[in-house]
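S.K.: Here's the letter readout for the chains.
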Amino acid sequence: MPSVPAEIVDQKLSAVPDDFGRFGCFGGRYVPETLSAALDQLEMAYNEAIADPKFISELEGLFAAFVGRPTPLLFARRLTEKARGAQIYFKREDLSHTGAHKINNTLGQALLAIRMGKRRIIAETGAGQHGVATATACARFGLECVVYMGSEDVRRQSPNVRTMKLMGAEVRPVESGSRTLRDAINEAMRDWMASVETTHYIIGSVVGPHPFPRIVRDFQSVIGHETIDCCKSLFGRLPDTVVACVGGGSNAAGMFYPFIDYPEVRLVGVEAGGRSSDDGEHAAPLTYGTPGILHGSLSYVLQDADGQTADVHSVSAGLDYPGVGPEHSFWRDSGRVAYTSVTDAAALDAFDMVAQQEGVLPALETSHALAWAVDAASKMRPEEVLVVCMSGRGDKDAAEIARLRGHE
Amino acid sequence: MATKDAIRKTGIELLGDAFALCKAESRRAVAPFVTAGDPDSKSTSAILESICAAGATCCELGVPYSDPIADGPVIQASYTRALNAGMTLAKMFEVVAAFSKSHSMPVLAIASDSLIFRNGIETFVKRGQESGLAGFVVPDLPLEESDDLDTQCRLAGLALVRLVTPTTPPERAREIARRSTGFLYCVSVAGVTGERTALPENLIERIQWLREESEVPIVVGFGISTAEQAKEVAAVADGVIVGSAVVRCVEKAHGVKSTSDAAGDFVRELVEQCRFN
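Order-wise, the sequence lines are chains A and B.
The end of the first sequence is residue 408 by our numbering, with every number in the run present.
The end of the second sequence is residue 1277 by our numbering, with every number in the run present.
None of these hints come from the bench; they were simulated from the model.
Here the structure is a predicted model, which means the values were calculated and not measured.
Check the hints yourself; a few may be wrong.
As a list, the in silico DMTMM-like pairs of lysine to aspartate or glutamate whose alpha-carbon atoms are at most 20 Å apart [stated by the list, open to error]:
#, chain 1, residue 1, chain 2, residue 2
1, B, Lys1042, B, Glu1213
2, B, Lys1126, A, Asp306
3, B, Lys1126, B, Glu1013
4, B, Lys1231, B, Glu1175
5, A, Lys232, A, Glu264
6, B, Lys1091, A, Asp306
7, B, Lys1126, B, Glu1094
8, B, Lys1023, B, Glu1212
9, B, Lys1091, A, Asp304
Here chain B stands alone, though its shape is the one from the complex (with noise of 0.2 Å):
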């Protein structure tokens, strides 16, 4: 729950607590995937509550886009879905603002560099800021691109989360770990995200290998459909992101149950795997 302090902190200080806390209870992060205004803003916010409430570390929440070229079917639906139901960034941002002021688990924005370009660079930050955002994910950006949005990240105290793939060579990895603030979010596959039967062979080594390169939390995402393998990765890494498998429950319970239930018991899963003590 808020205090005071809570409030002050910047989205970087925020992560760098809610990680602090998983560590000192020798748990693992689960950071859950929610598309925002799948179906609509009330659910998204419903969902925030119920996750929250489930023990997630924090939550990585989907901004709609026309055109995400690294989303597999699942995601691309949801977008499609929200877009449709009249999604727009304000609305967005009215969701992070309401849930923020009492909550402190941290919800970082994953968005398209083209929604951020778009709104300007400081806008778009200082508008993430206000509604009490923790920090961005921008799948489509790479790191030659990216000093103006650091910059601005860094004044703000937001967390900038860089990507590493496994066609990332070595330094350039080391780099990308050097620049990425509340964590570094590591890509288990080379495709798009979805759900995937087996994990790569060789995703243990790299998490093990980039734990040590890197300074910030490791966290796997891209793939983690199961409880079970969500355990599986949690092992050795920091946190796990799960995406496409909470938008699937999502969008199995509308119409049915409840779309915030699902998400919560399916998380409440994910945390009791992801514990290891």
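Excised from the complex, chain A in its bound form (with noise of 0.2 Å):
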């Protein structure tokens, strides 16, 4: 089993990766040779760009006034009041523009696309705030944009299929496979294996070949850096406990990653508990998988003795996915963040909960952090502060979860 290395550990956490994409032993680069070239050609794109006050400058001029930034921190009054317990607080990610925290993601890529040369964009997406968020950013700069979708997530995320087809991106539904996200990153590597040269692949999580898990999880700590400063000014201090959903582990990574060298604030990401334990039933392997490669790294995974990547279920479709992200590895095996699963019941409970109580239409992903943070918040007291990843708004799945109770 990996452990984390003995030279890391005298080290502060939030200094990873090292060159070789290393998390610990988690991350890496696993991918055809024909994907190397440009893989280091972004590595060094990156580097140049963050030291580049005219990108920084840019891209925050972007977030500001194309995305609305900073977000705000909502106080949830009345769940608050029914958890009889710790504060409970929403970093607002779905009043994005776009509706999630994916596009703080798909506006750096562009940029970098951009530095690069390249000016067509490739993308997979699972529940679609991902594709919405990339078509978003290519409409903006004018690049051509192809979002890959498993075909049964273009079935129950129909509304951000419509969204990313009139900002003018081509969605390809993938037919291979379990039709699901696993599937549209496959099919997203095969058309980047063929047009390396002049395309960009925008990944969507904190997930596949060094430098992207980096790259990723930088451009999201926006949303971390925005909550301590919002704590510190509301309360004079860091938040307590700090929750988010994790499937590939974007909006956790961008939360809890300026968090990490405080080791006074709890951090706990929900994986996707699905219908159950049982193999095939859940998406969730941090909780039930081992070390495996998947994707261009090396992280936690579902898959058999063989090393045959498993079946999996979310109710969610953006947490449907087999993998995570390495560093959440890392912090799993580090014991710096706690992870636990919720089952889809009790995330669609949230859901309802959330909408009633709240007037916050939360997406069903972020649901499953929700139900977490309410059931947590009980247990704590009530001079603490809890605050939850408001990952993304759920008005795409309303059509799914009417389907799911039988009035369609």
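Each of the two chains sits in its own frame; use the hints to bring them together as a complex.
M.R.: Below you can see the structure in the form of structure tokens.
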């Protein structure tokens, strides 16, 4: 079983990845040779970009005027009263342009693509939020955009498919495998194998080969930084507990990373517990998986004894994925972040509760974090502060929830 | 046919012999790709027999994987068929063991690093060695991540065939060639596996350059689908790998005629076209 190498122990936990894209023993770059040069180019372009004040100010300008950042921290008054414990706050990423945190990453990566002279963009999407955010960034910069989406997800997240098309993107349904997020990533990678010299692949989560997990985490870290600033001004201190849902794990990575070196803040990632803990009935690799290689990096994966990727299930398309970002595996094994899972049923209940008691329609992905948060808050003290990353809005899920409940 | 000598030889030596024999007979190596377990293990055993009899130099045995990102639709679908039919690593090693007991044609496993890592690198190599595999091609394992597998393969005398692609810069290509054992796999196009109607324009120059830079034979693969294309490439390379076209040939034959005869006939045609005397 991999563990954290001794030389990491003395360092700050945030001082990752290393030059090989390693988060402890996790991460790395397990891709066909055809992609190696493009990943080197991307790493170089990224390092140059973040040292360039013009790049930073352009991205900050977009965050402010295009995305609507900083996003607010909302006190969830009725939920807090109901929980009779910690004060619950929502970090409102759902108020971002396009309705989720995904836009933070796609704008950053689109600017990188332009710096590299690449005018064609490909992306994968599960819930469709990353697809919409990519299509939006591409429209803004006049880039060609192709989004791969499993045909099962095309069906259950159809509002987002329409939005992508309205933004001028081409949506290519993927019919292979389980026809969900994992298959969409496979297909995007295959496109990239043939188009790598003119195309940039905007991966949507903190997964994939180095340097993607780092780049996506960094662009998403604005979530955690704003949360720290806001908590300091509201409470004069950091929050006690911070919660986020984890599929690939980009909203969680962006929220957690700025807190990593503050051990007094409890960090909790919530995976998709699906229908049960049986194989194939959930999508919780950090809870039930083993270290393995999937989509270019070493991380916890749900796979069989031979190494074949397992089938997974979640009611939420954005969490319906057998892998997870390598940095989460590192945080898990180092003990810095606690990971748990919440079932489909509990997430659906939380969806209703937050909609009806706070007037906020959360994404089904986010509903997993909310379910855990309300329960956890009830066991905390009233002076404690619990922040939930409200990663996305739930309009996209309304029709699917109606279908699941049999009143279509 | 097997001799006591052949059985005692390492995988790297078996490959060396196979390429030396080609050279002595003014032929180029023909390495057909066969998906293990498509449509089932028994067929794969028969196909190995038939392509060996047809004069294949070595076989690339594709190990089915659930998420093959370097493969096009034909090989992907064959992997899915094999996995749905219950193919496992254990069955793949059994097929190789049964074949290598009585044949000297080297068999290389093309396997995702996901499978190798999950089994444990040392265990996987040991299972390969015990079954009589000549070596491995690991399409998703770049130079930077390959030290452990390289070490284990060298200890076991198994080849670790590495790949260079059109996007590999020259310095890196030299390093990959230097560290490749058995032969060097020259990927003809940037893209996934699959048949293509035309070969890339600069392919011949790339092969010629690589031959000067490499001490191991240069074998070209990806996109070679007809005997004519094989001949064109074989004129400048040490050998050709034909993948999707062989897999499709097996797929078309399944349920209609003998899959092993179909594969054997196609490979015989490829071997004929790769004679240069």
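S.K.: All hints, please: hold or fail.
M.R.: Here is how each hint holds up against the structure:
| no. | hint | result |
| --- | --- | --- |
| 1 | B:Lys1042 to B:Glu1213 | violated, 41 Å |
| 2 | B:Lys1126 to A:Asp306 | holds, 15 Å |
| 3 | B:Lys1126 to B:Glu1013 | holds, 17 Å |
| 4 | B:Lys1231 to B:Glu1175 | violated, 28 Å |
| 5 | A:Lys232 to A:Glu264 | holds, 14 Å |
| 6 | B:Lys1091 to A:Asp306 | holds, 11 Å |
| 7 | B:Lys1126 to B:Glu1094 | holds, 14 Å |
| 8 | B:Lys1023 to B:Glu1212 | holds, 17 Å |
| 9 | B:Lys1091 to A:Asp304 | holds, 15 Å |
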